[in-house]
Amino acid sequence: MNTIFKRFVWIAFYTLLSKELKRIIRIWPQTILPSVITSSLYFIIFGNIIGKRIGSMGGFDYTMFVIPGLVMMSVITNSYVNVASSFFGSKFCGSIEEVLVAPVPEWVLLLSYVMGGVIRGMIVATLVMLVSMVFTSITVYSWSITVMVMLITAFIFSMTGFLNGLLASKFDDVNIIPTFILTPLSYLGGVFYSISALPPFWQKISYFNPVIYEISAFRFGILGYKDSIDIIYTLTVMIIIAVLLFVLCIKLLKLGKGLKT
Amino acid sequence: MAHMLTVNNLNKTYSNGIKALKGIDLTVKEGDFFALLGPNGAGKSTTIGIISSLVNKTSGKVTINGFDLDNNVYEAKRQIGIVPQEFNFNPFETVLDILMNQAGYYGVVMRQRRLLCEKYLKALGLWEKRNGIAKDLSGGMKRRMMIIRALVHQPPLLILDEPTAGVDTELRYFLWDFLRTMNREGTTIILTTHYLEEAEKMCRNIAIIDHGKIIQNTSMQNLLQQHNTERFFIDIQEKTETIPTLPGYKVSYAGSHSFEVKVSKGQSLNELFLHLEKQKLHVTGLRSEGNRLEELFLDMTAKH
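Protein chains in written order, with our numbering: chain A, 6 to 266; chain B, 68 to 371.
Calculated from the structure, these hints are not laboratory results. Treat the numbers as computed from the prediction; the structure is a model and nothing was measured. Even for Gly, the Cβ is constructed at its ideal location relative to N, Cα and C.
As a list, the in silico DSS-like pairs of lysine-lysine whose alpha-carbon atoms are at most 30 Å apart:
#  : chain 1 : residue 1 : chain 2 : residue 2
1  : B       : K280      : B       : K96
2  : B       : K128      : A       : K265
3  : B       : K86       : A       : K256
4  : A       : K96       : B       : K128
5  : B       : K280      : A       : K265
6  : A       : K259      : B       : K128
7  : A       : K265      : B       : K86
8  : B       : K202      : A       : K96
9  : A       : K262      : B       : K280
10 : A       : K175      : B       : K202
11 : A       : K262      : B       : K89
Computed Cβ-Cβ distance ranges for the label pairs, DEER-style:
#  : chain 1 : residue 1 : chain 2 : residue 2 : range
12 : B       : Q288      : A       : Q35       : 56 to 62 Å
13 : B       : A69       : A       : R12       : 26 to 32 Å
14 : B       : L182      : A       : R12       : 17 to 23 Å
15 : B       : K186      : A       : L38       : 39 to 45 Å
16 : B       : A69       : A       : N7        : 22 to 28 Å
17 : B       : T125      : A       : V248      : 29 to 35 Å
Could you put the whole structure together from the sequences, leaning on the hints where they help?
The following block contains the structure:
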C-alpha cells in the first residue's frame, strides 16, 4: 500500500468512524441510556432485594457476583445492536451507496462500523461499572484479562451485528436476533448464576452456549472467580472466532451480498 | 482525445434470469457531454450501476479514465462522481455533514473539504442551508445537494441519472447552466434523462439503449440529421368534419379546427399552402410540435 493510498484510507476510516460516533452521541437516549437504566434496575432487584436472600455465590456477595454478567450482557447487546441497526439503517435509506461508490476498501468499511459497536459497548460497560459501584465496591482482579475479554467480546458481537445488518432485508430481521437469540443466551449464559451450580446435565447443555465463555472469562478477570471453563482456551477460541467472522464479513462484502444486485 | 469511459462487451444477467445488458460497447471521450437514453427498463440504470460499482457485472470490461474497474478499482472509483435518480442520503444528517463525509470517503483532507463544500454550496445556492437537516430540504434542494455531493472530490467524470426529474422549470434551467459551465471547465458529463429536449440542448454525443443493447451511438448532430419528417399543426377558420386531402402529405385529425401534417425533408410548405388555398381553407395558425430527438427516439425504440 503506497503512502498516498494509506493516507486516503486513514481519512476514509476516520470519517466513517466519526460519523458512527456522532450518531451514537446524537441519539444517546436510545444508545447509551437504556442499558444503564436496565442494569441499575437489575442491581436494585437482583443485587439488593433478592440478592440479600440468596447470600453468596462462588464465595462472593451476590451483588458482586452479578456485576460481571450484567456488564458483559450490556457489552454484547450494545455492540451487536449498534452495528446491526446502524448498518441496516444505512442500507434502508440508501446512504450506504455513498460509501460503496467511493474508493473505500471493504475492510475499512467493516472495521469502522465494528469499531463503532466496540466503542459503544465500552462506553456502556464503563457506565454500568460506575453504577455498580453505587451498590458495592469492587477491586478488579486482572485488568488485562478484563479489558481483553471485553474488547474481543465487543468485537465478535459487533461483527455478528454487521452480518445481521448486511443480510437483513427488513427491520424485523434486525430485531429478531437480539430479542429471540441474544437475550435468552445471555440470561442462560451465567449472568445471574455460576454454571458450577447447575446439575451436571444442564452444565453440559450450557457449554453449547457461546455467551457462557465470555461471561465466565470476564468474571474471572474482575473477581478472580474461576468457573469450570479454561480461560486460556476460551480466549484462544474467542480470537479464532473473531478472525473467522472478520474473514467471512470481508468475503460477503467483496461479493456484494445484501448490497449489490 | 483520450477516452474517459470505455465499456466493452458488458453483460448483466440478474439472479432471476433477466438479461439486462447484452454485450454493450460504449466510449465516452474526455470533455464530452454525453447522453445515455433509453426507455424504462432498457438497461440505463444497470449500466450506470455497474460503472459506479453498485451492481455486479456478469461479464465485460469497464475502464474509467484509463483505470480498469476490475484491476484498479480504487483509482477507477476516484474518477467518478455519481448523482443517482433516487435520494440516497441519511435524511437526519445536516447538509454539511453529508457533504463533508462524502469528501472524507474519497480521502480529501479536512481543510480542502471545507473549501470545496463552500465553493459548491455557494455555486448551487445552498450555502444558507448548510446546517439544515437534509430531510427538511425541498425536492429541488435535495437534488442540488446530491450534485454537490458528487462533486466534492472533484471527479473528472460526472454521471447524472435523471438530474432534473421533478424539479421546476427555473431550477432546471439553472442546473443546465451549471452543468454546461462544469463541462466547459473540463468535467466529462454523462447524462440520462427522460426530457429529450434536455439531451438535445446539452449533449454533443448520444447513445440509445433498448432491451439491453446499444441501438444508436453517434453525435447528436448526426442523429438529428436522420430526422426526416417534421410535424406541423395547422389551425383553420373552418370547422373540419373530415380530414382535408393534401396530396403527398400525411394528414391526421387534431381537433374541430385543426389538423396535423407530417412534412418530409425536401417537401415544400408553399405547396401545402397552395393545396389549402384550393380547398378554400383559411389558415389561422401554424406551429411545429414535438421535439426532433423525441420523435427519433420513439421511432428507434419502436423498431426494436
